[in-house]
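Residue numbers (the UniProt record's numbering), protein chains in the order written: chain X, 1 to 304; chain H, 1 to 200.
Just so you know, these hints were derived from the structure itself, not from any lab.
The model shown is predicted, which means the values in this text are computed figures rather than measured ones.
Warning: the hint list may mix true and false statements.
As the list claims (entries may be wrong) - Quick list of the computed label-pair ranges, beta carbon to beta carbon:
{"no.": "1", "chain 1": "H", "residue 1": "Pro38", "chain 2": "X", "residue 2": "Gln236", "range": "52 to 58 Å"}
{"no.": "2", "chain 1": "X", "residue 1": "Arg183", "chain 2": "H", "residue 2": "Ser36", "range": "49 to 55 Å"}
{"no.": "3", "chain 1": "H", "residue 1": "Arg148", "chain 2": "X", "residue 2": "Pro202", "range": "26 to 32 Å"}
{"no.": "4", "chain 1": "X", "residue 1": "Trp304", "chain 2": "H", "residue 2": "Arg196", "range": "43 to 49 Å"}
{"no.": "5", "chain 1": "X", "residue 1": "Ser118", "chain 2": "H", "residue 2": "Pro184", "range": "26 to 32 Å"}
{"no.": "6", "chain 1": "H", "residue 1": "Gly198", "chain 2": "X", "residue 2": "Glu283", "range": "50 to 56 Å"}
{"no.": "7", "chain 1": "H", "residue 1": "Ser36", "chain 2": "X", "residue 2": "Ser253", "range": "46 to 52 Å"}
{"no.": "8", "chain 1": "X", "residue 1": "Lys197", "chain 2": "H", "residue 2": "Arg148", "range": "45 to 51 Å"}
{"no.": "9", "chain 1": "X", "residue 1": "Asn141", "chain 2": "H", "residue 2": "Gly64", "range": "37 to 43 Å"}
The beta-carbon is built from N, C-alpha and C at its ideal position, and this holds for glycine as well.
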Amino acid sequence: MTENRTSTTSTSTTGSARVKRGLAEMLKGGVIMDVVTPEQARIAEDAGAVAVMALERVPADIRAQGGVARMSDPDLIDAIKAEVSIPVMAKARIGHFVEARVLEALEVDYIDESEVLSPADYVNHIDKWPFTVPFVCGATNLGEALRRITEGAAMIRSKGEAGTGDVSEATKHIRTIKGEIRRLQGLSKDELYVAAKELQAPFDLVAEVAERGSLPVVLFTAGGVATPADAAMMMQLGADGVFVGSGIFKSGSPERRAAAIVKATAAFDDPKAIADASRGLGEAMVGINVADLPAPHRLAERGW
Amino acid sequence: MTTGAPRVGVLALQGDVREHVAMLESLGAEVSLVRSPPQLAAVDGLVLPGGESSVIDKLARHLGLREPIRERIAAGMPVLGTCAGLILLAERILDGLPTQLPFGGLDVDVRRNAFGSQVDSFETELDVPALGDEPVHATFIRAPVVERVGEGVEVLAAVGERIVAVEQGTVTGIAFHPEVGGEPRFHRRFLDRVERVGRA
Chain X
1 MTENRTSTTS
11 TSTTGSARVK
21 RGLAEMLKGG
31 VIMDVVTPEQ
41 ARIAEDAGAV
51 AVMALERVPA
61 DIRAQGGVAR
71 MSDPDLIDAI
81 KAEVSIPVMA
91 KARIGHFVEA
101 RVLEALEVDY
111 IDESEVLSPA
121 DYVNHIDKWP
131 FTVPFVCGAT
141 NLGEALRRIT
151 EGAAMIRSKG
161 EAGTGDVSEA
171 TKHIRTIKGE
181 IRRLQGLSKD
191 ELYVAAKELQ
201 APFDLVAEVA
211 ERGSLPVVLF
221 TAGGVATPAD
231 AAMMMQLGAD
241 GVFVGSGIFK
251 SGSPERRAAA
261 IVKATAAFDD
271 PKAIADASRG
281 LGEAMVGINV
291 ADLPAPHRLA
301 ERGW
Chain H
1 MTTGAPRVGV
11 LALQGDVREH
21 VAMLESLGAE
31 VSLVRSPPQL
41 AAVDGLVLPG
51 GESSVIDKLA
61 RHLGLREPIR
71 ERIAAGMPVL
81 GTCAGLILLA
91 ERILDGLPTQ
101 LPFGGLDVDV
111 RRNAFGSQVD
121 SFETELDVPA
131 LGDEPVHATF
141 IRAPVVERVG
151 EGVEVLAAVG
161 ERIVAVEQGT
171 VTGIAFHPEV
181 GGEPRFHRRF
191 LDRVERVGRA
């Protein structure tokens with residue numbers, strides 16, 4: 001059993017749910033960018049990223065190169081942490097609680113228990129409550145999001161299909177989650193018991209979501225966002241912010257594209273501002289249509 | 001002014017805007033989001049939320065809000081800043097990006113991320129005599145601290161030796177998040193000030 005790292009002294013508490021969920025609250029309206037070098041991290045911070053995700057390979061390369069994808073080298077994470085002042089996130093494999101403890105020891109600001117890496121456990125996700133560091137987890141629907149929150153996730157991102165540059169799965173997942181929440185809001189209490197059963201999530205959490213009309217944690221979107229208009233659409237669909245993975249550093253002009261996506265995310269409901277942000281960005285990442293991906297290569301289907 | 005409720009805005013470029021809006025509305029204020037100079041002109045007081053100060057600075061400049069905000073602060077508009085908001089109100093930012101600019105308003109130097117990484121973020125009970133005897137439940141998230149306090153700046157609270165809440169004239173800056181912890185007294189104080197200044 002792992003030691004409980006949530007600690008309380010006579011005067012202060014670290015690692016509480018409020019503190020863990022709180023950092024995600026502060027990231028709202030922002031763009032979190034995948035970076036694989038300190039130089040890319042510098043470009044991301046200068047362009048206005050609210051946080052960076054430190055990785056060895058962006059999803060598009062993981063997809064192209066194949067093989068088992070694992071946690072990044074601690075030296076890379078340290079170098080990226082040293083480069084920027086904004087929060088640094090890093091990915092652990094689904095269920096790999098030791099990779100997560102390593103990332104916590106490296107003092108990353110958020111751990112992404114991510115389907116983009118190869119799962120380490122096809123049954124269990126990490127029990128995230130005992131950690132001081134907060135976790136973000138992917139979800140394709142409301143039940144999956146609520147199961148991750150039950151396990152201690154302090155932030156949810158809709159999965160989309162990472163490394164494709166095709167936003168259609170991101171659209172589907174954020175619409176599904178928001179739509180299922182709206183549906184819960186119309187149910188009576190006796191119907192909520194059945195909804196909890198169908199969602200395979202605890203009743204109290206389901207009732208809380210029905211009552212407040214939102215998840216109890218921040219909901220970002222991810223997976224295939226490649227343009228300012230993609231990011232703005234995710235915001236209009238109700239995301240609290242966006243993750244951009246391969247879309248920036250696989251494009252023709254990462255500096256300009258990164259800054260443009262930041263501006264479009266902030267001004268998501270202003271078509272003229274999005275138009276201005278979209279000018280002169282050079283080539284977007286080439287991308288893959290999700291429809292052309294055979295099922296075993298769809299990352300969103302990892303995690304349950 | 002058409003109604004009795006103070007008209008206040010929350011700078012809504014990035015960060016925990018929603019929490020501030022909810023807190024202010026629960027106290028009876030008429031709240032609007034500020035993302036443009038005309039929206040700023042329509043409010044009598046402004047909240048600068050938590051978030052990433054470097055990002056809020058960039059977007060404020062991009063949207064032409066930086067100078068209007070500086071002018072309103074100089075003209076005495078009440079402002080409440082939390083966390084990133086405190087950083088934006090500083091005269092000088094320590095450990096900021098080289099290109100990062102504050103709005104100013106408080107004659108203080110503020111250091112970003114002064115407590116360390118997220119694993120060092122914490123909640124605590126804090127004495128804030130200006131708000132009464134009952135301590136404030138304060139949530140610090142990658143929080144800044146005030147390292148230099150100029151003349152005319154009142155220190156409202158400290159964690160040990162570290163200054164975490166200050167006030168100068170109509171401007172209040174705090175390193176933690178009362179809006180996340182459900183602590184209404186800082187926002188009440190801000191709204192009272194907006195009403196007083198508005199009437200004057």
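Hints that the structure is at odds with (numbers, increasing): Going through the list in order, the structure violates hints 1, 2, 3, 4, 5, 7 and 8 and respects the others.
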